[in-house]
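A.B. asks: What follows is each chain in one-letter form.
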Amino acid sequence: MDTPSDNRPAIEFHNVCYRFDNGQTLLHELDLEIRRGETLVLLGRSGSGKTTSLKLINHLLVPSEGDVRVDGRSTRDWDVIRLRRMIGYVIQEGGLFPHFTVARNIGLVPQIEDWPAARIQQRVQELLQLVGLDAQLASRYPRELSGGQRQRIGVARALAADPPILLMDEPFGALDPITRAELQREFLALQQRLRKTVVFVTHDLREALLLGTRIALMEAGRLVVVHTPDEFVNSSQPLVAAYVDAFGTDSNATGKRGHS
Amino acid sequence: MNVWQFMLQNHTEVLELTVEHLWLVGVSTLLAVLIGIPLGILITRWPALNKPVLGGANIIQTIPSLALFGFLLPAPWIGARADRLAILALTLYALLPLIRNTYTGIKGVDRAVVEAARGMGMTDGQLLWQVELPLALGVIIAGVRVATVISVGLATIAAAIGAGGLGEYIFRGLAMVNNQLILAGAIPAAVLALLADVSLGWLEKRLAPR
Numbered sequence: 001m002d003t004p005s006d007n008r009p010a011i012e013f014h015n016v017c018y019r020f021d022n023g024q025t026l027l028h029e030l031d032l033e034i035r036r037g038e039t040l041v042l043l044g045r046s047g048s049g050k051t052t053s054l055k056l057i058n059h060l061l062v063p064s065e066g067d068v069r070v071d072g073r074s075t076r077d078w079d080v081i082r083l084r085r086m087i088g089y090v091i092q093e094g095g096l097f098p099h100f101t102v103a104r105n106i107g108l109v110p111q112i113e114d115w116p117a118a119r120i121q122q123r124v125q126e127l128l129q130l131v132g133l134d135a136q137l138a139s140r141y142p143r144e145l146s147g148g149q150r151q152r153i154g155v156a157r158a159l160a161a162d163p164p165i166l167l168m169d170e171p172f173g174a175l176d177p178i179t180r181a182e183l184q185r186e187f188l189a190l191q192q193r194l195r196k197t198v199v200f201v202t203h204d205l206r207e208a209l210l211l212g213t214r215i216a217l218m219e220a221g222r223l224v225v226v227h228t229p230d231e232f233v234n235s236s237q238p239l240v241a242a243y244v245d246a247f248g249t250d251s252n253a254t255g256k257r258g259h260s
Numbered sequence: 001m002n003v004w005q006f007m008l009q010n011h012t013e014v015l016e017l018t019v020e021h022l023w024l025v026g027v028s029t030l031l032a033v034l035i036g037i038p039l040g041i042l043i044t045r046w047p048a049l050n051k052p053v054l055g056g057a058n059i060i061q062t063i064p065s066l067a068l069f070g071f072l073l074p075a076p077w078i079g080a081r082a083d084r085l086a087i088l089a090l091t092l093y094a095l096l097p098l099i100r101n102t103y104t105g106i107k108g109v110d111r112a113v114v115e116a117a118r119g120m121g122m123t124d125g126q127l128l129w130q131v132e133l134p135l136a137l138g139v140i141i142a143g144v145r146v147a148t149v150i151s152v153g154l155a156t157i158a159a160a161i162g163a164g165g166l167g168e169y170i171f172r173g174l175a176m177v178n179n180q181l182i183l184a185g186a187i188p189a190a191v192l193a194l195l196a197d198v199s200l201g202w203l204e205k206r207l208a209p210r
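Listed in order, the protein sequences are those of chains F and S.
Quick note: the first sequence uses our numbering, first residue 1, plus one each step.
Quick note: the second sequence uses our numbering, first residue 1, plus one each step.
The hints are simulated quantities; they were obtained by calculation from the structure and are not laboratory data.
Because the structure is a prediction, the values reported are computed rather than measured.
Built from N, CA and C at the ideal position, the CB exists for glycine as well.
Be aware that one or more of the hints could be misleading.
[Unchecked claim] Here are the in silico distance ranges between beta carbons for each label pair:
hint	chain 1	residue 1	chain 2	residue 2	range
1	S	GLY108	F	PRO177	32 to 38 Å
2	F	ASP67	S	GLU115	54 to 60 Å
3	S	LEU66	F	SER146	57 to 63 Å
4	F	ARG73	S	LEU30	47 to 53 Å
5	F	PHE20	S	GLY108	56 to 62 Å
6	F	PHE20	S	VAL19	31 to 37 Å
7	S	GLY79	F	ARG119	57 to 63 Å
8	F	PRO98	S	PRO64	54 to 60 Å
Between the sequences and the hints, there should be enough to build the whole structure, so can you do that?
C.D. replies: Have a look at this one:
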């Protein structure tokens, strides 16, 4: 952990623009640094550019201008397959492969990385335990699971090859409030142990305050501010204040952090 | 003499023609699968080829079958034997449902699943073989099914150029104004089409991702 490279941000956006071929701009001159081991929440409403920013990191999208750097190297210079395999990716509803069992879903990256079968199997069991699921679920298919279970599998799958970076795109968005709260707590506990660099997309302010080390508010393709949760709720920046007002969040929300 | 008595009396000939018919349909469908599915995959990777390939297959489909048999007659090697000619024509007709179903099957795979696969670092080959093709398999088999059933019907016309098959009876019956003879060709052909439809339908259900 104490290698010199640790001082360098894990992910950097340098003056990044993203626009469609028809000229419509989704992202304007984004400058952002994501530190090692932090959970950076990209917060904003639909169409604000959160998911676009996320997909620029694992090169599912390519910047129209500027540079996204992972480990100090531009995503254009990375071997894209290598880059993606060191970045875990969790999306809403998990994006699980419906024709694979839970075990094959979780073991996918190890499998395409040619791990020996016995080691994959062992890793799958470890991960099921890590995300709090019964080992017997391994032989089930995603359609036989509840939404919460599927989402846990999605997290386990992203962690399979122990990637240093985790991208999470509204991972808990489709869950009922109780399951969501449960998974948020587990995420916090997990993150305290694993200390991954996490970029977490959500439109839910409470979730952002609860999970984020820092919160980056986005609006109409621009980065508004990057604040810690405490700074965020006390900010007088009009867009931030508007967001906080809209949620009617009492500043106690941040108080929950650290207790889990 | 009714049609059943005729078929019973000539059962060896009926069987021979049925086997010939199956041969024409089987070989042409197999060739169409070997050409059509890769073409369908190809146009999911190079969208620019989409229009010309599907358009071409569409145009072939609009050529009346008798005319197509005629057009191909002067072709070297192919034109030398009637069954080669018939197989080529039937293959060309079977291409459209195969290309189209392969293409729509792959394009119909849940975008979230494809994005997850790419985001996890699957290569294009891994994406195709492990995700897209297994999930599109039901739709692709449905294409094989349509192609086969069409082929069973069309193959009767191959008798017009002397390629054999159950169309022999139909054309002979037409020439002799003998309904029994026409039925002796048409009934086994219909049974073949039904059998192909049912068995491939069963396979489609078995292989479709649940």
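A.B. asks: Next step is simple, just say for each hint if it's right about the structure.
C.D. replies: Quick rundown of the hints versus the structure:
{"no.": "1", "hint": "S:GLY108 to F:PRO177: 32 to 38 Å", "verdict": "33 Å, holds"}
{"no.": "2", "hint": "F:ASP67 to S:GLU115: 54 to 60 Å", "verdict": "23 Å, violated"}
{"no.": "3", "hint": "S:LEU66 to F:SER146: 57 to 63 Å", "verdict": "59 Å, holds"}
{"no.": "4", "hint": "F:ARG73 to S:LEU30: 47 to 53 Å", "verdict": "49 Å, holds"}
{"no.": "5", "hint": "F:PHE20 to S:GLY108: 56 to 62 Å", "verdict": "24 Å, violated"}
{"no.": "6", "hint": "F:PHE20 to S:VAL19: 31 to 37 Å", "verdict": "58 Å, violated"}
{"no.": "7", "hint": "S:GLY79 to F:ARG119: 57 to 63 Å", "verdict": "60 Å, holds"}
{"no.": "8", "hint": "F:PRO98 to S:PRO64: 54 to 60 Å", "verdict": "43 Å, violated"}
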